[in-house]
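Model the full structure from these sequences, guided by the hints.
There are 4 protein chains.
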Amino acid sequence: MTKLRWGMIGGGEGSQIGPAHRLGAQADGLFSFAAGALDANPEKGRAYAQSLGIAKNRAYGDWQEMLAGEQARDDRIDLVTVATPNNSHFEITKAFLEAGFNVLCEKPMTMTVEEGEEIVRVARASGKICAVNYCYSAYPMVRQMKAMVAAGELGRIRTVVANFSHGHHAAGDDAENPRVRWRYDPAQAGVSGQMADCGIHALHLASFILGDEVRELSADFASTVAGRVLEDDAMVNFRTERGTVGRLWTSTIALGRQHGLDIQVFGETGGFRWASEQPNQVYYHRLGRRVEIMEKGEAGLSDEASRLSRVAIAHPEGFPLAVANIYVDLAAQLNSGAPANFPTAEDGLRSMAAVHASVASAAERGVWVDARPPMFR
Amino acid sequence: MTKLRWGMIGGGEGSQIGPAHRLGAQADGLFSFAAGALDANPEKGRAYAQSLGIAKNRAYGDWQEMLAGEQARDDRIDLVTVATPNNSHFEITKAFLEAGFNVLCEKPMTMTVEEGEEIVRVARASGKICAVNYCYSAYPMVRQMKAMVAAGELGRIRTVVANFSHGHHAAGDDAENPRVRWRYDPAQAGVSGQMADCGIHALHLASFILGDEVRELSADFASTVAGRVLEDDAMVNFRTERGTVGRLWTSTIALGRQHGLDIQVFGETGGFRWASEQPNQVYYHRLGRRVEIMEKGEAGLSDEASRLSRVAIAHPEGFPLAVANIYVDLAAQLNSGAPANFPTAEDGLRSMAAVHASVASAAERGVWVDARPPMFR
Amino acid sequence: MTKLRWGMIGGGEGSQIGPAHRLGAQADGLFSFAAGALDANPEKGRAYAQSLGIAKNRAYGDWQEMLAGEQARDDRIDLVTVATPNNSHFEITKAFLEAGFNVLCEKPMTMTVEEGEEIVRVARASGKICAVNYCYSAYPMVRQMKAMVAAGELGRIRTVVANFSHGHHAAGDDAENPRVRWRYDPAQAGVSGQMADCGIHALHLASFILGDEVRELSADFASTVAGRVLEDDAMVNFRTERGTVGRLWTSTIALGRQHGLDIQVFGETGGFRWASEQPNQVYYHRLGRRVEIMEKGEAGLSDEASRLSRVAIAHPEGFPLAVANIYVDLAAQLNSGAPANFPTAEDGLRSMAAVHASVASAAERGVWVDARPPMFR
Amino acid sequence: MTKLRWGMIGGGEGSQIGPAHRLGAQADGLFSFAAGALDANPEKGRAYAQSLGIAKNRAYGDWQEMLAGEQARDDRIDLVTVATPNNSHFEITKAFLEAGFNVLCEKPMTMTVEEGEEIVRVARASGKICAVNYCYSAYPMVRQMKAMVAAGELGRIRTVVANFSHGHHAAGDDAENPRVRWRYDPAQAGVSGQMADCGIHALHLASFILGDEVRELSADFASTVAGRVLEDDAMVNFRTERGTVGRLWTSTIALGRQHGLDIQVFGETGGFRWASEQPNQVYYHRLGRRVEIMEKGEAGLSDEASRLSRVAIAHPEGFPLAVANIYVDLAAQLNSGAPANFPTAEDGLRSMAAVHASVASAAERGVWVDARPPMFR
Ligand SMILES: NC(=O)c1ccc[n+]([C@@H]2O[C@H](COP(=O)([O-])OP(=O)(O)OC[C@H]3O[C@@H](n4cnc5c(N)ncnc54)[C@H](O)[C@@H]3O)[C@@H](O)[C@H]2O)c1
Ligand SMILES: NC(=O)c1ccc[n+]([C@@H]2O[C@H](COP(=O)([O-])OP(=O)(O)OC[C@H]3O[C@@H](n4cnc5c(N)ncnc54)[C@H](O)[C@@H]3O)[C@@H](O)[C@H]2O)c1
Ligand SMILES: NC(=O)c1ccc[n+]([C@@H]2O[C@H](COP(=O)([O-])OP(=O)(O)OC[C@H]3O[C@@H](n4cnc5c(N)ncnc54)[C@H](O)[C@@H]3O)[C@@H](O)[C@H]2O)c1
Ligand SMILES: NC(=O)c1ccc[n+]([C@@H]2O[C@H](COP(=O)([O-])OP(=O)(O)OC[C@H]3O[C@@H](n4cnc5c(N)ncnc54)[C@H](O)[C@@H]3O)[C@@H](O)[C@H]2O)c1
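Protein chains in written order, with the UniProt record's numbering: chain H, 1 to 377; chain W, 1 to 377; chain F, 1 to 377; chain C, 1 to 377.
In short, the hints are calculated from the structure, not lab data. Bear in mind the structure is a predicted one, so any value in this text is a computation, not a measurement. Wrong hints could be hidden among the right ones.
As the list claims (entries may be wrong) - Derived DSS-like pairs (lysine-lysine); straight-line CA-CA distance at most 30 angstroms:
{"id": "1", "chain 1": "W", "residue 1": "Lys-56", "chain 2": "W", "residue 2": "Lys-44"}
{"id": "2", "chain 1": "W", "residue 1": "Lys-3", "chain 2": "F", "residue 2": "Lys-56"}
{"id": "3", "chain 1": "C", "residue 1": "Lys-3", "chain 2": "H", "residue 2": "Lys-44"}
Unchecked claim - Sample of chain W residues facing chain H (criterion: CB under 8 angstroms; computed from the structure):
{"id": "4", "residue": "Arg-158"}
{"id": "5", "residue": "Trp-182"}
{"id": "6", "residue": "Leu-255"}
{"id": "7", "residue": "Glu-268"}
We treat Cβ as the ideally placed atom computed from N, Cα and C, and that holds for glycine.
Pasting the structure below:
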């Protein structure tokens, strides 16, 4: 099988998420890294792309140049990843979709709900893939939980509790740290701080595992560090379309939590707990039985969990390979028309709409608001 | 030192909390079990009391008889524990206080805020001890956290997250189980189900460790099992007098959690996490350092933590000895006038007021309400 | 039921194990603390005993005085606990047995195998109880494991792995610390350091859970801190009477382990793991199933596990109540002739013989030796 | 930078370790997969290689064909991985080294000590790389431990305890299972079962972290399942060149352990514990301090640990990326002459010699034997 051609925008040298995408796309030999506009600085971007083995004429200075260059080629890229800062996702993603490229966009897909709806429309019209990198949804054991919920093994889901809290912005003098400050400044970050950055992952994860969508919510936001305008600690209560009760806490000042993304799902006949720091296990409690430890790679897991695991039971697989699983799913659709197991523009829109709804609710002391994007009401 | 004389009302054969009190009072040789009205059934109560070594004439049939009997004696009991079901706490506690007895009352202290205020008034007028059995506050490592917060080791506290969630009422057919059903029936349980039963412990624990009080709150209640009127899953957001953000989740349908009482405290310069299933450790994260595991019994702990630990480091001490620590503190005051390190009627009132405030808030879709009892506003 | 009368030798003020015995004997209201010779210093012993509520004429200055005093009384003690340093266990235990008292002796029961055999003979001749405080065997979940092995739920046991390793003697300058130094000095500690102090607990625990005895062994001893003569780190391989393979590691220099007593049992159809720092859980793996977490207090446990647990599931019970369970078992025999569920002189002898066998093997570079006391060969 | 050309022998479709090598070599874009003789069945190997994108004329039927084919090319492969079953490692590795290729050989490098010494000689003469895939040594936090030991942060190392025990061969009827049976049959597996398969990893890991070598050892082997000739449970006590005490337990019948590779290192001033199931954390105990949790990706780690980590703190990285780190180190030497941070033929020889020494010792009931290969005595 020949490799698919892959390009990337953003993810330059020293970027946080760039390496995970490069590894994700190449790990399984499914994509070759063919083109890139990797940096806000065109010179640095070109040089870095070439250092990574990209041909000189496909090491572009900016995304417009890349769009033009790739459109002009017969061997144009099969997929482009957009890993720039949040406020450029919309225009880049839109432009590439309209030009007939398949896109994997980083989260949050857009800054506003209106933009999100626009991307959904454009993606539908284009007939191309518009995926969003909610990569936690691609861990084998997350797929396993989804499969079990879908099969009814837990009965109706009563409550879901999702957290994504860390302590990496707890230092008070981070108010002066430029890498942190912009995140709590509406001029740069938009309407939301931590909800849009991390809470959104937890929102998607809950919806993904449940196969259900957030319908309405009530939020309590706090800015616990002096000088911050946007929230660094937020709690959202929600109800899903099917009536599940949701609780979501997200924070950046939670000293003691490193990468505190975890989720608990409670159904009529069973419950489970998964945490991203040990992503290969699920604690599963069937009503009337003991708590059991489910292991990635064990016999009898769902097809989805088995398909996305590469090594034997209890050989840990981590975050970069979860990202790689998004690429595995993209390649499956591109190569053989497999269904979209990856998160799509619709998912990107829904979770962004819920973030905006949280902002609106928090601004009115927790009034319950519709969490759905207007186009899905 | 001669032992103090101790009596008990409720806690009969087969009761849940009775054994913990008997062990708690006697474990350290501080109290002798001298009198009791242990059962709703007078005959069973008298027989059981005698089987436990209580003299025949102090094995009473009911609390009125016990009150009269003990009042008439020179060697009357020094302390009475009220461990009957919730709806009798008020009248029994009030009667014994008024008659000049020291009382340890089980939680919740009363059914209503008005009753709670009455107990506070009566206790103050009596000059006697009115303690409430928030026993988790007496674990050595909980005292350690309180001491560290008080000493400012974590700086100002930004956020506290407390959970008390279990899955022991998850079975749908519990609707028919009499031991469970009454808890969700307003006629028997009052205004609240799980908040009044378990959430109240978490409320007290948060206040206790912080040395701060809940001022206002917003609640989201759910009855996730068909047929239940009162809440079996609740989330409360709150703010304390000093402005700390609070998050409290409590549930009885959380399959996978056995005794899910845990608390996380996040301050400016440090955070920690404690869980009741492994009460001898605290995970402590100082800003800029690694997470450390603090151990009950280690060198350098606070006086309070050291005083209430009986065996060496990493020799676990559990729930019954936390209850015993309440008795240690009571004996310290009774024997030598030590300050009240135990929870008092004021604490019992405050937490009950916060439960009622939660009920009121939840009934109005989460409107923020004053959580304080009127007498403390 | 009237309380049994209990006395204690050793366990004076500031002693390590004294508090656990006092709590153990009194926690359940089964014994009243009636007599004691608590300290090497007669004056201190008398004063301390009285401060604990013992009558003046039963607050003895030494054990000989106590033996004489108690023999002369009609209401003599029903049980005496010997909690003095190791080298006095033999003579005190022997004297009290011969005088017709029931004895609970601390471990190690004696310093030599010969003395151990003598105690067994004396105990048998006396018809009195001679118990040994292998208290870990009285944890509910340890009893649960024993019951499951006995019932054949794990099939034939292939391998048992027991560790009792801590790091509390890791400081190199402990060579000068009197509280540590004597432990590695043959003149004071006898033939063995850590094996006789902690390894012996692990030896007993393995035999107890398996219902099987160590038959032969091979040992590797090391003194890893300069200046120590006796071992501070030891490994023993053994075989039981029924052919189970045993592995036992014990150390005092294992920095990072606090109270590292744990045991793993592997049978044909299942395996489990228990650790003393979280004594309320057992990780249980049935062949072909997932690992399950067994919880103290869960429904369906063995009678032994249920009988020795005082509070509900996931309410932790710790070390002092394991000691209390030894007293529960002693009271059961004393009050109503229940069988000896507690460890006896035979167990004390067997484990001490295995320690001596380890010393002999280690001295000859690991040659396999018979681990049984001569009288049981 | 142009990619290095990489080839593989063994690791065909359905093989256990093949996928980890392909991911390892390609994940970071350092190697292109250029040639392969992937299967014992030439037709299947050729087809599978082409399905993975290898050109038809480099999809070889067997290793001899591949050796000839690659030798004849100008763009011959820069590195070949040997991932066939154990008994062919020697001849393939030797042939490729002699022909001037760089080799990464799976463990165990050879079946006998003599073969191992031959490989060392051939590798030295060739001037080419002969690496061995002790991939656990390439986890960032394993490198961190090694760096800390080398820097003396733990002082002299007193004791090391390494385990590699699992329960995946616990089923008694595995005696009939061909995928398991051969492992305990000397005709197919050679002199050792579990020691040569898994114990050898633990041996290497201990030596690697300590920067020290096993000098002498004493072993106790058991075949706990009826019908097995070779050991399925082994304990090895050892001493290193610098006098560290070693304890190594390995088993295949340890139900409850999934991938039970863990290591504890105890020095004069600190100790730590690492387990392969959560490879991103080290529990570190400095003398006189609390236990701390070190996290992959935290600030201040050693260069080696930082260099081999791809994503931020607490984003887990697992087994396949540990294998990838071996390739990172190989590429660093191939591309720019970096020193050999990967395990070499010398390491492969030493650990194999220690396995053979264990066999010899166990055969003589644990007599202590020299563990070093003759050429290193
Ligand atoms: N899915 C996840 O788990 C996850 C994790 C981290 C970040 N992210 C998302 O990835 C995106 C990037 O985040 P990051 O942390 O890597 O940011 P970063 O600031 O570390 O890196 C951004 C990179 O994009 C480049 N860039 C900026 N503007 C560009 C432009 N116009 N054209 C080309 N390149 C440009 C920068 O030079 C830099 O190399 C964000 O949207 C973020 O939310 C997602
Ligand atoms: N602090 C804690 O952690 C904790 C834990 C469990 C229960 N509790 C509290 O303890 C109280 C008792 O709970 P429980 O679970 O043991 O209840 P239970 O139903 O198991 O036992 C109640 C006991 O009180 C006796 N009783 C009832 N009415 C009586 C009366 N009028 N006079 C004398 N005895 C009477 C009953 O016969 C029975 O023996 C409740 O208020 C509960 O909230 C507290
Ligand atoms: N079962 C367990 O888990 C456990 C734990 C700790 C200690 N122990 C055992 O308990 C025994 C005591 O250990 P410890 O750590 O408490 O010792 P310790 O040194 O702390 O206390 C010993 C006490 O015995 C007193 N004493 C000494 N000689 C005496 C004598 N002749 N008559 C009366 N009193 C005397 C001392 O004054 C002191 O109060 C030892 O045999 C030890 O092995 C058992
Ligand atoms: N480093 C590790 O952690 C690790 C883990 C697993 C296996 N291994 C080692 O990897 C090696 C392979 O183990 P496995 O479990 O993958 O075995 P396997 O039986 O699963 O696969 C072996 C593969 O090699 C192929 N093969 C056999 N003989 C061949 C030949 N002469 N030429 C070409 N291909 C041939 C087979 O067709 C098969 O595809 C072993 O030496 C094993 O010890 C190492």
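Each hint, compared with the structure:
no.: 1; hint: Lys-56(W) - Lys-44(W); result: holds, 13 angstroms
no.: 2; hint: Lys-3(W) - Lys-56(F); result: holds, 15 angstroms
no.: 3; hint: Lys-3(C) - Lys-44(H); result: holds, 21 angstroms
no.: 4; hint: Arg-158; result: holds, 4 angstroms
no.: 5; hint: Trp-182; result: violated, 21 angstroms
no.: 6; hint: Leu-255; result: holds, 3 angstroms
no.: 7; hint: Glu-268; result: holds, 6 angstroms
The structure shown violates just one earlier hint, number 5.
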